[in-house]
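Q: Build the full structure now, drawing on both the sequences and the hints.
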Amino acid sequence: MTRIPLIDPATTSGTRAAILAQIQAGFGATPNMFKAVANSPAALGAMWGAFGALGKGTLGAQLGEQIAVAVAQQNQCTYCLAAHTALGKGAGLTAQQLTAAQAGQSSDPRVAAALDFARKLVERRGQVSEADVASLRAAGYGDEQIVEILAHVALNIFTNYVNVAFDVPLDFAAVPLLQTA
Numbered sequence: 001m002t003r004i005p006l007i008d009p010a011t012t013s014g015t016r017a018a019i020l021a022q023i024q025a026g027f028g029a030t031p032n033m034f035k036a037v038a039n040s041p042a043a044l045g046a047m048w049g050a051f052g053a054l055g056k057g058t059l060g061a062q063l064g065e066q067i068a069v070a071v072a073q074q075n076q077c078t079y080c081l082a083a084h085t086a087l088g089k090g091a092g093l094t095a096q097q098l099t100a101a102q103a104g105q106s107s108d109p110r111v112a113a114a115l116d117f118a119r120k121l122v123e124r125r126g127q128v129s130e131a132d133v134a135s136l137r138a139a140g141y142g143d144e145q146i147v148e149i150l151a152h153v154a155l156n157i158f159t160n161y162v163n164v165a166f167d168v169p170l171d172f173a174a175v176p177l178l179q180t181a
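Counting along the sequence shown from 1, when you hit position 54 you're at 54 in the working numbering, and nothing is skipped either side.
By construction, these hints were calculated from the structure, which means they are not laboratory data. These figures come from a predicted structure and were not determined experimentally. Ideal Cβ positions, reconstructed from N, Cα and C, are used throughout, including at glycine. Certain hints may be false.
[As the list claims (entries may be wrong)] Result set (EDC-like, lysine to aspartate or glutamate): computed pairs, CA atoms no more than 16 Å apart in a straight line:
1) K120 - D132
2) K56 - E130
3) K120 - E130
[Unchecked claim] Quick list of simulated restraints, FRET-style, between CB atoms:
4) G60 - P176: 38 to 48 Å
5) T15 - A95: 11 to 21 Å
6) M1 - S107: 17 to 27 Å
7) G140 - A53: 21 to 31 Å
8) A173 - A131: 33 to 43 Å
9) A10 - G142: 36 to 46 Å
10) I4 - R125: 22 to 32 Å
A: Put into structure tokens, the structure is as follows:
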């Protein structure tokens, strides 16, 4: 049971209603995560704005979803793992690519470098080294893309924490977390 009420888009008004209507239009549904965040119109606007801005970034939808899946696995967020697996499939990723991303891996060396960096950001709470950044540059990423990778990680930490802390009910097909040694 969720630890915070889910705002019903049909009975709310003002800023909440306007943003939830945009989310409904964007997804064709209003996922429970957004209904939970809608308790704060400021937080909802920040989250939705970040999704929109990063969606127009240079990384592309597939890499954004792979990063999201990797971060969800690390933070043990079953909600985000399920949501971003579904969104990743919608972006053209295969089940194998998504499972690999969940483990922080990819057969594409460029994607693998981004996922490795994303996982290091989470594991080390942002305390990455010059060598970690240099490995992204060696994989062909420029400064704009490096900052976007970090922004994707930060946004996904936000969403992971919302879903884990508030025990938001799953409204996507469940995807099992990988067992870690």
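Q: Failing hints, ascending?
A: Of the numbered hints given earlier, those the structure breaks are 2, 4, 5, 6, listed in rising order.
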